[in-house]
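Q: If you want the building blocks of each chain, they are given just below.
2 protein chains.
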Amino acid sequence: MNEYKVILPEAEIPTHWYNIVADLPTPPAPPLNPATDQPLQPADLAPLFPMGLIEQEASAERWIPIPDEVRDIYKLWRPSPMYRAYRLEQALGTTAQIYYKYEGASPVGSHKANSSLPQAYFNMKEGRTRLTTETGAGQWGAALAFAAQIFGLQCDIWQVRNTFEGKPYRHAQMEVFGAHAVASPSELTDVGRKLREQFPDTPGSLGMAISEAVEAAVKDPNASYSLGSVLNHVLLHQTVIGQEALKQLEYFGVAKLDYLYACAGGGSNLGGIAFPFIRENLEGRQDVKIVACEPNAAPSLTKGEFRYDFGDTAGMTPKLKMYTLGQDFVPDPVHAGGLRYHGMAPLVSHCYHEGYLSAIAIRQREAFAAGVLFSRAEGIIPASESNHAIAGAIRQAKLATEEGTSPVILIGVSGSGQLDLPAYTEFLNGEMADS
Amino acid sequence: MNEYKVILPEAEIPTHWYNIVADLPTPPAPPLNPATDQPLQPADLAPLFPMGLIEQEASAERWIPIPDEVRDIYKLWRPSPMYRAYRLEQALGTTAQIYYKYEGASPVGSHKANSSLPQAYFNMKEGRTRLTTETGAGQWGAALAFAAQIFGLQCDIWQVRNTFEGKPYRHAQMEVFGAHAVASPSELTDVGRKLREQFPDTPGSLGMAISEAVEAAVKDPNASYSLGSVLNHVLLHQTVIGQEALKQLEYFGVAKLDYLYACAGGGSNLGGIAFPFIRENLEGRQDVKIVACEPNAAPSLTKGEFRYDFGDTAGMTPKLKMYTLGQDFVPDPVHAGGLRYHGMAPLVSHCYHEGYLSAIAIRQREAFAAGVLFSRAEGIIPASESNHAIAGAIRQAKLATEEGTSPVILIGVSGSGQLDLPAYTEFLNGEMADS
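Sequences listed follow chains S and L, in order. Take the first sequence: its letters are residues 16 to 450, numbered as in my numbering. Take the second sequence: its letters are residues 16 to 450, numbered as in my numbering.
Hints were generated in silico from the structure; no laboratory data involved. What you are looking at is a predicted structure, and each value in this text was computed from that prediction instead of being measured. Treat each hint with caution, since some may be false.
Intra- or inter-copy, both count: the list cannot distinguish identical chains.
[Said to hold, decoys possible] Okay, derived cross-link-like pairs now, BS3-like style, lysine-lysine, Cα gap no bigger than 30 Å in a straight line:
no.: 1; residue 1: Lys413; residue 2: Lys234
no.: 2; residue 1: Lys318; residue 2: Lys334
no.: 3; residue 1: Lys20; residue 2: Lys234
no.: 4; residue 1: Lys271; residue 2: Lys90
no.: 5; residue 1: Lys413; residue 2: Lys90
This is chain S alone, in the form it adopts within the complex:
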């Protein structure tokens, strides 16, 4: 057996985030102010975000330095490991070579901490003392709670009521990190109180939770709102994944990658691992086929329209040019809560539209079958979301075996499935809906 795992030394944690905007031959369409339908100005975002993040959101600089204070905390789990999936290859009997980059060893179990840390940091630097956010499955909420604690900020999280009640481990995690998590709709905001009056039995929704978190931030001059995906600055922060992956493949002796599979909900995991590879392609060094794996329950790239739409259900955010299923679209309640989004990050949408990546939609039973196979072969239980990428890669590995080719495939495994275990039980018991 050759090398099995590559962990880079601490010194190889990227020193800069990579901004793909600098390398795009055609510029992505700007976000619009919903009141005027004119391109959004930085000042429009000031009530919600600190200037450090607003500048990143609009930047065209290729490399944006990672502050030392953020890089120091990244060291807690970065560089994240990359493995050669020898035993998965064996289990599949495939002629393909499979590697995976694993983000599940972060303190919160997913890639989300790559962005929550800088978001908390830039808020702290500008004197904000409180962050508000919403969370669905809870991965982003846990990541922001962790980061807020590290940088000494108060953190208030509105979690969709049915997951707040059904997934107690996640809000416990937020509370251990000192955050205040509440089921949404809550009694803490005007919009929450109104919704509770109107729909006393509502299970809540991401749209409702966003509205509450935004209202709370707008009403408090010391507070900012934080978002865990979709926006340019969030994808920017996640590019540490792809930059490390490029170096690790080099250590493994892989000069050219053939396929990259990553799951895509809001788009931050996909963008984070893929953008450095798109740069390789644009500059002619590699020809990597990048495949976004979305859930069949929220197929924004494969079935959505490329147009301006609101980022949230309630229509409170700027309008974004993206692949969207419509702001009112409510995905089936699949377990991959992190992928249940009606749209797709504008930068990922632009790259898809320009042909820099392709997309497939995966039903959740195929995703979990892949997750169980992966768990039993590799010994690591992936997050529900990550299972979609694994399923896509397995399709490709099987095809390669049939065709007698030996492509090199990289899977982005965005998180750990430790807190998704009940979903695995449902699958193993044959009780999972095939949404």
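Given the coordinates of chain S, work out where chain L should sit on it, guided by the hints.
A: Relative to chain S, chain L alone:
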């Protein structure tokens, strides 16, 4: 800030396990056959264990080679990281230097996989096709399920009924790895059926579960029984932790460690990290004060007697010379299920008796207060068991600050608290009993 984390390269995963028996000035007392009260012979153990493990159990060789097939799988998470706890030091305002060795990044979230892998391997090599075991909180069951899957063995786990029902995430984890987990007492064994008839409402106990797993192994010539702690070969396997820790301290520039804190239930975590340091002490290179941190609910070292006792409640195992609270002792139902054991590994007991280590008992509220402080400072949520070691180290760090000294303290953090989150919630809500 100086170096913050040391991950050794793969090549520095130990090539041998360290057997402290070779270095002990006085030999530990042998286990006794309970039928004859004579020292146990290897053949007495053959119905339960493969010869490869029986030889390790009785070995006096200092270094026992780790098979390549086991070392390859260790690479999945080993070498495990060591961190300098800068932010914990800051939160405490202490003059002490604190480091921690973290075993929670293993695929099952604890140190237990260090021994489950070689146990499954040696059984596979000798043609056994099935492993049986018991588990309380579920960490050992999950670790054995993982290892059995890797080496292609069937795995049957009897989990104490009240944790089987109250902690569904753990047996889900076992099932994802392909094991069969059942609540004990079960209908699958004679002793189980008898117990269910006698005590229809019993919540089960570790003693009952051991009896079932042993019965199942004895009745099936293709099966072995596996134990997750206490026995010499289990502690032997865990010495990869201490060996790596010695090298990592060297990379950190620490020539002499002052204090080592580790939690102790059955003793495998403590022995695994401490034995290589006891060797340093015995050979005069260092003078490390080693402190076993036991739960106040099961204080075998601090309140037990050093005498022969059964390893299980039902009296089916060999008699072991150890610190014990008596085979009938039932610890309070503290959250640190992995520490709820009436005895202490014979090798750890011997070292304690000879003065090579000391011990303290910690109540669970102090342990969880330490765990919350650690989580908020370091960003990693430790296992309930590990919190006892952290609490012990914090006592020492505070003392050092009062005395104006700067000792170097190492904490063995044996696992992740991801599946212990409800216990943290109970603590934060002020609802935790102070057993």
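Q: Are the hints correct? Go through all of them and say.
A: Hints versus structure:
1. Proximity of Lys413 to Lys234 under the C-alpha cut-off of 30 Å is found in neither arrangement, the shortest distances being 54 Å within a copy and 42 Å between copies.
2. Proximity of Lys318 and Lys334 under a CA criterion of 30 Å is satisfied intra-copy only: 20 Å inside one chain copy versus 67 Å between copies.
3. When the C-alpha separation of Lys20 and Lys234 is checked against a cutoff of 30 Å, the pair qualifies neither within a copy, at 48 Å, nor between copies, at 41 Å.
4. Proximity of Lys271 and Lys90 under a CA criterion of 30 Å is satisfied in both settings, with 28 Å inside one chain copy and 25 Å between copies.
5. Taking the shortest Cα distances, Lys413 and Lys90 sit within 30 Å of each other only across copies (27 Å), while inside one copy they are farther apart (37 Å).
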